[in-house]
Structure formats: C-alpha cells, structure tokens
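Asks: Chains as they are written, first to last, in our numbering: chain A, 1 to 113; chain B, 1 to 112.
Keep in mind that the hints were calculated from the coordinates and are not lab data. Quantities reported herein were computed from a predicted structural model and do not represent experimental measurements. Quick reminder that beta carbons are idealized off the backbone N, C-alpha and C, glycines included. Accuracy of the hints is not assured; some may be wrong.
To be verified - Computed cross-link-like contacts, PhoX-like style, restricted to lysine-lysine with a CA-CA straight-line distance of at most 20 Å:
{"hint": "1", "chain 1": "B", "residue 1": "42", "chain 2": "A", "residue 2": "101"}
{"hint": "2", "chain 1": "A", "residue 1": "101", "chain 2": "B", "residue 2": "37"}
{"hint": "3", "chain 1": "A", "residue 1": "57", "chain 2": "A", "residue 2": "70"}
{"hint": "4", "chain 1": "A", "residue 1": "101", "chain 2": "B", "residue 2": "57"}
{"hint": "5", "chain 1": "A", "residue 1": "101", "chain 2": "B", "residue 2": "58"}
{"hint": "6", "chain 1": "B", "residue 1": "42", "chain 2": "A", "residue 2": "11"}
To be verified - One-sided and incomplete, this derived list gives chain A residues near chain B with beta-carbon spacing under 10 Å:
{"hint": "7", "residue": "33"}
{"hint": "8", "residue": "35"}
{"hint": "9", "residue": "39"}
{"hint": "10", "residue": "41"}
{"hint": "11", "residue": "42"}
{"hint": "12", "residue": "43"}
{"hint": "13", "residue": "45"}
{"hint": "14", "residue": "50"}
{"hint": "15", "residue": "51"}
{"hint": "16", "residue": "58"}
{"hint": "17", "residue": "94"}
{"hint": "18", "residue": "99"}
{"hint": "19", "residue": "103"}
{"hint": "20", "residue": "107"}
To be verified - Covered by chain A, according to a simulated footprint, are these stretches of chain B (three or more residues, beta-carbon under 8 Å):
{"hint": "21", "region": "39-52"}
{"hint": "22", "region": "99-108"}
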Amino acid sequence: DAGITQSPRHKVTETGTPVTLRCHQTENHRYMYWYRQDPGHGLRLIHYSYGVKDTDKGEVSDGYSVSRSKTEDFLLTLESATSSQTSVYFCAISEGQDNEKLFFGSGTQLSVL
Amino acid sequence: GENVEQHPSTLSVQEGDSAVIKCTYSDSASNYFPWYKQELGKRPQLIIDIRSNVGEKKDQRIAVTLNKTAKHFSLHITETQPEDSAVYFCAEGAKNNNDMRFGAGTRLTVKP
Chain A
1 DAGITQSPRH KVTETGTPVT LRCHQTENHR YMYWYRQDPG HGLRLIHYSY GVKDTDKGEV
61 SDGYSVSRSK TEDFLLTLES ATSSQTSVYF CAISEGQDNE KLFFGSGTQL SVL
Chain B
1 GENVEQHPST LSVQEGDSAV IKCTYSDSAS NYFPWYKQEL GKRPQLIIDI RSNVGEKKDQ
61 RIAVTLNKTA KHFSLHITET QPEDSAVYFC AEGAKNNNDM RFGAGTRLTV KP
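Just chain B, same shape as in the assembly:
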C-alpha cells in the first residue's frame, strides 16, 4: 500500500447525530479496507472491514462504503453515543497486506 489520507482529524457531534470519516488512497492495487477504534490508553481494535469486491457493509450502527473509482472509503456511525468517543483509524492493504498503511486518525467526540 501507499499513503492513505484521513479526514477530518477531529470531529465533534451531538449524541444521536451521525458521524462520517473519509479516507482516500492512491494504490489501485489495494483491495482490503479496515477501520480500527482506539479508546484512550487502549489498543486499536478492528470494528469493521470491507473488501474491494463489495461497495458497502453494515454492522448495526456502523457502516463502511467504498468507491473504488474515486479511491475513497468512508466510515459512517449513526445514532452516536458517548461511548463512540475514540480515535478512529482507516487502513488499506494490497497483495498479502503485510504492508498495510494506516491513516493518521480521527478523534471523534460525542457530546451528551
């Protein structure tokens, strides 16, 4: 993989609102796109992932969409809750994914 850009770097929403985080990649060979959540002082944890043969994947309140033509993918969190507050990282991988590249992270704050 090559560099992946992640926006925004910080995001503040009101509880119950939706949050969207977007990542852009440049390597057309990338075929795997995971999202990780990291709470303060904890390890990053995988929350959802998508492969390039799928355009969208949902898991309860979170979803990921992929636009291969435009080379971007997004994380959508609906009905946000205070416990969604964390730093979220996107990543992209190609070939056998040993060189998976991570975005710089988005700090999401959900205000009660």
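Looking at chain A on its own, in the form it has when it is part of the complex:
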C-alpha cells in the first residue's frame, strides 16, 4: 500500500454547490494525479501536481481546480458542481521512475443532483 487515502468516499451534492475532494499520501511522493472514471471512457486525467504549488492541467480540466500546499495533500475542487461531474474520482501517485506505475486511491463516488 502506497499510503494514499481519499476523502470523502461518497458524496451527494446539488448543482451549483462547491465541492472539495481530498487526497492524502504518507510516502513523500512528488507526483500526484486526479482522474475521473466514467463508463465508456476509462480513466481521464483532470489535473496533476509535480510538487508543492506546482500543478498542471490534464485532458478534462474544465470546471476543476486543484491545490497542493503540502507534499502530502492534493485537493480537487469543483467550484460550482454540475451534473456532468457526477463520476468516480481517483487520486493517484507514481511509484516508479519517470512517473510510471500509478498507484490509485480507493476513489470517491460523487453524485451531483
């Protein structure tokens, strides 16, 4: 286990409300990632971080922001949740060289009503 935890595990919210998901790791990995998983789309990268205060966009970043104020925490924020953001969100860290060998957290099931 790479010591990665996500919170909350489940969340139901209403359209237009802000939502923050948290990813916490205990092994000082430099790179952290947020993915969303939807049927028929596999896993798609939202944002990633390569260090404290260093983040970059992924394939599906619109509507999401991230922050990394400490090495161990990577936060994903939906500023104004929409129904299209209903999904399972996975945080991941890289256990290998050159950012290979992703290890995923247990996921957060988010429902936006």
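On the provided structure of chain A, position chain B as indicated by the hints.
Replies: Same frame as chain A, now just chain B:
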C-alpha cells in the same frame, strides 16, 4: 499521449481458456504501456507494464506484447481462473507520462 482504442469491450471465456485484449495507439512518441485490473468497486491496480524497447514481457500467467510498427499492444492471460474476472484497462504514455491515456476498458468474465 493521444487516444488509445481498446478491444473488445466485453470478453467471456471458459475457465482454463486464454484471453487476449488488444489496444491500438496513435502517438509514435509513446514509450510506456501499462495494464491495470479493476475488480468491482475497487481501485485500478497495475498488473504488468512494458517499455517500447521490449517486444514482450511475461509474469506467470499474464504477458504483454508490443508491436511498435503497427502501434498496438496486447494483454494475454493464459489458464484463466474465475478470479481473473474484472475490467482491464490499457494505457499509453509518452515523454514524462504525466498525460497517460487510458483505454475504455474490457470487462472479462471467466465462467467456471
């Protein structure tokens, strides 16, 4: 990376038979090709990966083959068991792999 296509979307085999899942990619700069297994309600887990300087890699009952010329790579599972039932995802990455792209997944069912 760019888009990666994965086939088939569902696969049903009898216990003991082999299963093959194929992925095709388009980015010639891709150099890293992992496979993940996801059981129902669980996180995706890396089961095997291959780099572009290798044509084949095996780990017990699973193997991955890569054809760089044709831009496709495949997962082979031999002597399948019911516990192999899961969704399998291929992925491909290039450069420093921060934009790794995943296939849509294959749901494998192994019937006892």
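Asks: Hint compliance check: list the failing hint numbers for this structure, sorted ascending.
Replies: 15
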